[in-house]
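Enquirer: Here the structure of chain H is known, so what remains is to put chain F in place on it, guided by the hints.
Residue numbers (the numbering used here), protein chains in the order written: chain H, 1089 to 1445; chain F, 1089 to 1445.
For the record, the hints were derived by calculation from the structure and aren't laboratory data.
Do not take every clue at face value.
Since copy identity is lost for identical chains, a pair holds within one copy or between any two.
[To be verified] Cross-link-like lysine to any residue pairs, in silico, SDA-like; alpha carbons within 25 Å at most:
| hint | residue 1 | residue 2 |
| --- | --- | --- |
| 1 | K1430 | P1133 |
| 2 | K1399 | A1274 |
| 3 | K1399 | D1434 |
| 4 | K1381 | D1443 |
| 5 | K1381 | K1430 |
The model shown is predicted, which means the values in this text are computed figures rather than measured ones.
2 protein chains.
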Amino acid sequence: MYIVILAGGSGTRFWPLSRKKTPKQLMSVFGGRSMLQRTVERIIPLNPEGILVVTNALQAEETERQLSFVPDDQLTIVKEPLARNTAPAIGLAAAIIASLDPTAVMAVLPADHYIQGEEEFRATLERARLAAADMTLVTLGIRPGSPETGYGYIEADLKAGQEGVFPVSRFIEKPCREKAVELLSAGNNYWNSGMFVWRADVILDRIRTHMPELYTGLESLRIPARLSDHSMARQVEALYAAIPAESIDYGVMEKADGVVVIPSSFGWSDVGSWSALPGLLEGDEHGNVVVDKSRLVPLDSQGCLVLGGGKLVALLGVRDLVVVDTGDALLVCPRDRAQDVKNVVDELAGRGMTDLL
Amino acid sequence: MYIVILAGGSGTRFWPLSRKKTPKQLMSVFGGRSMLQRTVERIIPLNPEGILVVTNALQAEETERQLSFVPDDQLTIVKEPLARNTAPAIGLAAAIIASLDPTAVMAVLPADHYIQGEEEFRATLERARLAAADMTLVTLGIRPGSPETGYGYIEADLKAGQEGVFPVSRFIEKPCREKAVELLSAGNNYWNSGMFVWRADVILDRIRTHMPELYTGLESLRIPARLSDHSMARQVEALYAAIPAESIDYGVMEKADGVVVIPSSFGWSDVGSWSALPGLLEGDEHGNVVVDKSRLVPLDSQGCLVLGGGKLVALLGVRDLVVVDTGDALLVCPRDRAQDVKNVVDELAGRGMTDLL
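Excised from the complex, chain H in its bound form:
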């Protein structure tokens, strides 16, 4: 099995720690290793045929630096000249893998997700690999622990499947709260994790059917034996200039036949904003979450997330705040407004403060 890691995040939701050059997947939000490094370390015990990391040209240098622990012959870094959402990135990876072995199975994993229970995660990927050999498009669905409105859902036909692999009835976009409660109680809906497993030739075939423009571009690629070849970079640039941005969910999955879901029980979060971290990191007795406890003085303060970058942070009489300090910028917002941090980034861009983006 090949592993394709999507590492092209733009770095707006975790501002000011995330920046264009160091988006979420390259950040060390949990202390120590970055999310990208953890994603790679997590799949190494599977002994993959190869690891392809698709990333933005801006982030390629830091990505290479962080993955220097992976032997060169196992790692391929594919640089996207532009962000074009997931479909072109996945199509490009599939084309590269198909040039080596058309029927190879590939697992597509976002670089910036949180996973707890690594053994179970790897066991699920193994099961998905077997299911993908049957020429299905396998999605990993997460058993929902709560009626989240920030995730898309996958509805499974639980009567039709076997051995934990079920046909997908439909994909459901991020629901309102009421709808999410309904989905949860129905018992056959799963969070769409954005993790997929399929044969390279199968996904390319479905791209041919549902995204013919992208397929034509992929088909015309002359893929060299060594991807670092300059001709490859120019071909990818031409491809990306010619195709629109599209997600693989909307471009292929919601329309294709033969889509199945494996309901999964490992702990998972897409870590969509600062507000997700308090649920994933251990807090103090007042629920304050901080990477370096010795540098926090919390008085009458609860439920705060603090990243102080080493400086002392004193909280006095505040609740449920996100406080993130970097050398050049400071963010203060309530946890329930953290999803709007991108508005701050927009405002900075509007003011021309590009050094802070």
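Expert: Relative to the frame of chain H, chain F by itself:
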């Protein structure tokens, strides 16, 4: 008239900007000049006989540096080895002035108060100087604009006075809200500004009556012509080691005869905590107060006080917060908890984080 400036603040209420070595009076909270510098500049048009600044030994160097614009022969810096509240500082200044001219009038001014309306302030001091020549102890009372609970009050006998100078009936400690409303509506109560004017020999005489221990210490001083004389420092050390801390209000004013008040109308605040600044600085259209507007991105945020020390500060969906960032520390608290910042300082002291005090 001599001017005595009390500049021995300990620097806890404006942490993290204020520190032991740079307490409030040495801070530039209003942009530009420090409060001490403004205090001195404000009285220079009065052409005082001399200016005595009483400060803590720890802060003496920075105090001298900030006052280098005052000619040497007009400025005397008196170093206190310990903080002993206002009575010893005032007694020491009075003894020094009396050694030069026993009947000289001295005005006692805190170094860390905000004053708006400098002409009126100086006119009030002139009137106080004339009143002090009659051997009274003159206090400056501020006409209260609101029922503040953070100030002491002075009750005047408005029937007995003349030309704006009235006998004091009593001093009233910081009142509860209900009591403060009552004091305000009575019409003859004024905020105790902590500014006093009297003859040096008169205050020394009252100290003799009400604080005999302090008087004995002051009387035994051998004051040299040049205060920088080493013998003076040793004498002051011995004096301070021997006497208890006491305020001039409690030690003398509340007990003494011949105390008068001049009701004053210039703008005044003791700037007791961070929460006072929004009332004294101009805010933006959302009431956010910030020294450098170009470095603030406030989204859906109102009534915040931000000192970011040059870094960009993004506020998203917060109200009435105090956010103060220095290179090594960050404070976040609601405006109405700002008076408890000293608890943070206590906590830091308890943890032995002396580099942050």
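Enquirer: Could you run down the list of hints and mark each one as holding or not?
Expert: Structure-based check of each hint:
Proximity of K1430 to P1133 under the C-alpha cut-off of 25 Å is found in neither arrangement, the shortest distances being 36 Å within a copy and 53 Å between copies. For the homomeric pair K1399 and A1274, neither the shortest alpha-carbon distance inside one copy (48 Å) nor that between copies (50 Å) is at most 25 Å. With identical chains, the CA atoms of K1399 and D1434 are at most 25 Å apart between copies only, with a shortest distance of 18 Å across copies and 27 Å within one. Taking the closest pair of Cα atoms, K1381 and D1443 come within 25 Å of each other only across two copies (18 Å); inside a single copy the shortest separation is 30 Å, beyond that limit.
For the homomeric pair K1381 and K1430, the shortest alpha-carbon distance between copies (21 Å) is at most 25 Å, but the shortest distance inside one copy (28 Å) is not.
Checked against the numbered hints listed earlier, the structure breaks hints 1 and 2; every other hint is satisfied.
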